[in-house]
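Engineer: Here's the letter readout for the chains.
There are 2 protein chains.
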Amino acid sequence: MSEQREAGEINPGGLGYLKGIAIDAVIFGFHDSQLKVLLIEYKRTGLFALPGGFIRELENINDAALRVVSERTGLDNIFLDQFYIFGDYSRYQPDEFKKIMSAGGMAPPDGHWLLQRFVSVGYYALVDFTRAKPTPAIIFDSCEWYDLTNMPPLIQDHTQIVRKALDTLRAHLDDKLIGFNLLPEEFTMGDLQQLYETVLDKKLLRPAFQRKMLSLGILERLSKKFSGGAHKAPYLYRFIK
Amino acid sequence: MSEQREAGEINPGGLGYLKGIAIDAVIFGFHDSQLKVLLIEYKRTGLFALPGGFIRELENINDAALRVVSERTGLDNIFLDQFYIFGDYSRYQPDEFKKIMSAGGMAPPDGHWLLQRFVSVGYYALVDFTRAKPTPAIIFDSCEWYDLTNMPPLIQDHTQIVRKALDTLRAHLDDKLIGFNLLPEEFTMGDLQQLYETVLDKKLLRPAFQRKMLSLGILERLSKKFSGGAHKAPYLYRFIK
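As you go down the protein sequences, you meet chains A and B in turn. Residue numbers are given in our numbering: position 196 of the first sequence equals residue 1371, and the series is strictly consecutive. Residue numbers are given in our numbering: position 12 of the second sequence equals residue 1187, and the series is strictly consecutive.
Please keep in mind that the hints were generated in silico from the structure rather than gathered at the bench. Watch out, some of these pointers could steer you wrong.
Copies of the same chain are indistinguishable here, so a pair counts whether it falls within one copy or spans any two.
[Said to hold, decoys possible] Okay, derived cross-link-like pairs now, DSSO-like style, lysine-lysine, Cα gap no bigger than 30 Å in a straight line:
1. 1194 <-> 1339
2. 1351 <-> 1378
3. 1273 <-> 1308
Using the sequences provided together with the hints, build the complete structure.
Structural biologist: In structure tokens, the structure reads:
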């Protein structure tokens, strides 16, 4: 039985789950100069949202987040980070959830645990979107990648959550770069610059970028990339373990 | 009536509060090369902890944190930041809370809301400890500044929470510097370096420190500080608004 059915339809008291606290995951997908975000669409509602989930009574919150993200992407060992807890009272919008549950064939009583106020722990990750297998759950229509520049409106404060996750990703890219594991074992400075330019959504000056990257002390320079004409061949780099 | 009495003794169901979620605040205090942290001691238990509190049903979590910190320090307008949510199952230690409540003259029934699993939203701030007025609540013996290098053992995972807050403070000092408001309107590079050396707990090389600070683009250089012998007088700086 799916977690969503277990959490919603036949469990109005939320037995077995922490109450009032959920997880929302902003999974960014990168590949070939494209930056996307994983979104779900709830069946027969036209409502879009971030993939999320609940925390089991005996579960660590970080483990619950890994479980949720693994269920939606088919990826294990994702480098997933908490970035903020969204706890404003104004995010309490029970009518949206009533609509979602009704469209899913549930008729939740007023005291249903999912219709109470929730705070949400935000997590973010950056993965290669060609490696993920987006997987909807029973109550979703779809789970798909959307271009960041072309997202549909999202329920609650989910658009703000994406925005804040993006700010965090941009601010911490230097520190998280190795963990994200987005480049091949050996790569050129141009590959790295393309990743930065895509995430930051701006062009960077090559000499300054290269200087900054080398100053981080995380890159090891290897031989030149073979390309027939050796003169212009770029150096290959790898991350220092 | 104090919040603690209201939350504990006469309210075993936690009416009016969010369940299972609390706030812990790591308030660092700086002054004259000293770095301290604000801790409470629970009456007749010898148990030390971070100051913390609960969230009212209609309250934003960030507002609850400001309220709690203001109650403990007498300071308003503190520059307070979330830094992590502590959600491991292993932090659930109901026996410690039974001891604290019993020592406070309460005899909590087993189902008491404060004896359930809680997750905690961690906040941190850095204030001038000479400006704060540490204020205990009814169930605490004391609320006092402790040298960071000489903290007593803390309940639950509170020592880890302090450690993680300190890592965050150190990593983000450049960005938060102006907000913390720890220096006089006009200050010398030496004053600034003393602040950094105290927070980072290490000596810094003056030329490299000055170069880095000037490169942040947040300092405006003023006239030299008057000191009789003009030759060696240091420049004064202020933050660019």
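Engineer: Evaluate each hint against the coordinates.
Structural biologist: Hint check results:
1. 1194 <-> 1339: both (25 Å within a copy, 26 Å between copies)
2. 1351 <-> 1378: Both. Shortest intra-copy (20 Å) and inter-copy (27 Å) distances satisfy the 30 Å Cα cut-off.
3. 1273 <-> 1308: Cα proximity of residue 1273 and residue 1308: one copy only (29 Å, versus 47 Å across).
In summary, the structure agrees with every hint in the numbered list given earlier.
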